[in-house]
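Q: Note that the working numbering gives residue 38 to position 38 of the sequence shown, counting from 1, and the numbers run on in steps of one.
These are calculated hints, taken from the structure and not from any lab test.
One or more hints might be untrue.
Simulated DEER-style distance windows between Cβ atoms [stated by the list, open to error]:
{"#": "1", "residue 1": "23", "residue 2": "48", "range": "20 to 26 Å"}
{"#": "2", "residue 1": "17", "residue 2": "40", "range": "35 to 41 Å"}
{"#": "3", "residue 1": "77", "residue 2": "39", "range": "19 to 25 Å"}
{"#": "4", "residue 1": "44", "residue 2": "72", "range": "27 to 33 Å"}
{"#": "5", "residue 1": "14", "residue 2": "37", "range": "52 to 58 Å"}
Where is the CB? At the ideal position from N, CA and C, for every residue including glycine.
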Amino acid sequence: MLPGKLWGTCRLGRCALFFGLALLLDVVGLVLLLVGIFASLDFWDFLIYTGSLILAFSLLFWIAWYTLNMEVPLEKLDL
1 MLPGKLWGTC RLGRCALFFG LALLLDVVGL VLLLVGIFAS LDFWDFLIYT GSLILAFSLL
61 FWIAWYTLNM EVPLEKLDL
């Protein structure tokens, strides 16, 4: 094994759009959550709840990305 190839190649698979949306929602949700926690604003509770809801919603995109990238060989399918 070559030293440059220790971790293999990075592939996003067939559903790069779901990966991008999930990553974007994670970043936005985490930013809103941390701003709601650490900033002294009057509407901190709105930011905390919105950030956590966005993080929970991003799980749907992570699940969709994972399940749509699963590959099953034709031999294993009973067609």
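Q: All hints are to be evaluated individually against the structure, with a verdict given for each.
A: Against the structure, the hints come out as follows:
1. For the pair residue 23 and residue 48, the supplied restraint of 20 to 26 Å holds, since their beta-carbon distance comes to about 21 Å.
2. Taking 35 to 41 Å as the suggested C-beta distance range, the pair residue 17 and residue 40 conforms, at roughly 38 Å.
3. Residue 77 and residue 39 have their C-beta atoms about 52 Å apart, which leaves the hinted 19 to 25 Å range violated.
4. Checking the proposed 27 to 33 Å range against residue 44 and residue 72 shows it is violated: the Cβ atoms sit about 47 Å from each other.
5. Between residue 14 and residue 37 the beta carbon distance is about 37 Å. The supplied range of 52 to 58 Å is therefore violated.
Figure legend: structure checked against the earlier numbered hints; hints not met, in rising order: 3, 4, 5.
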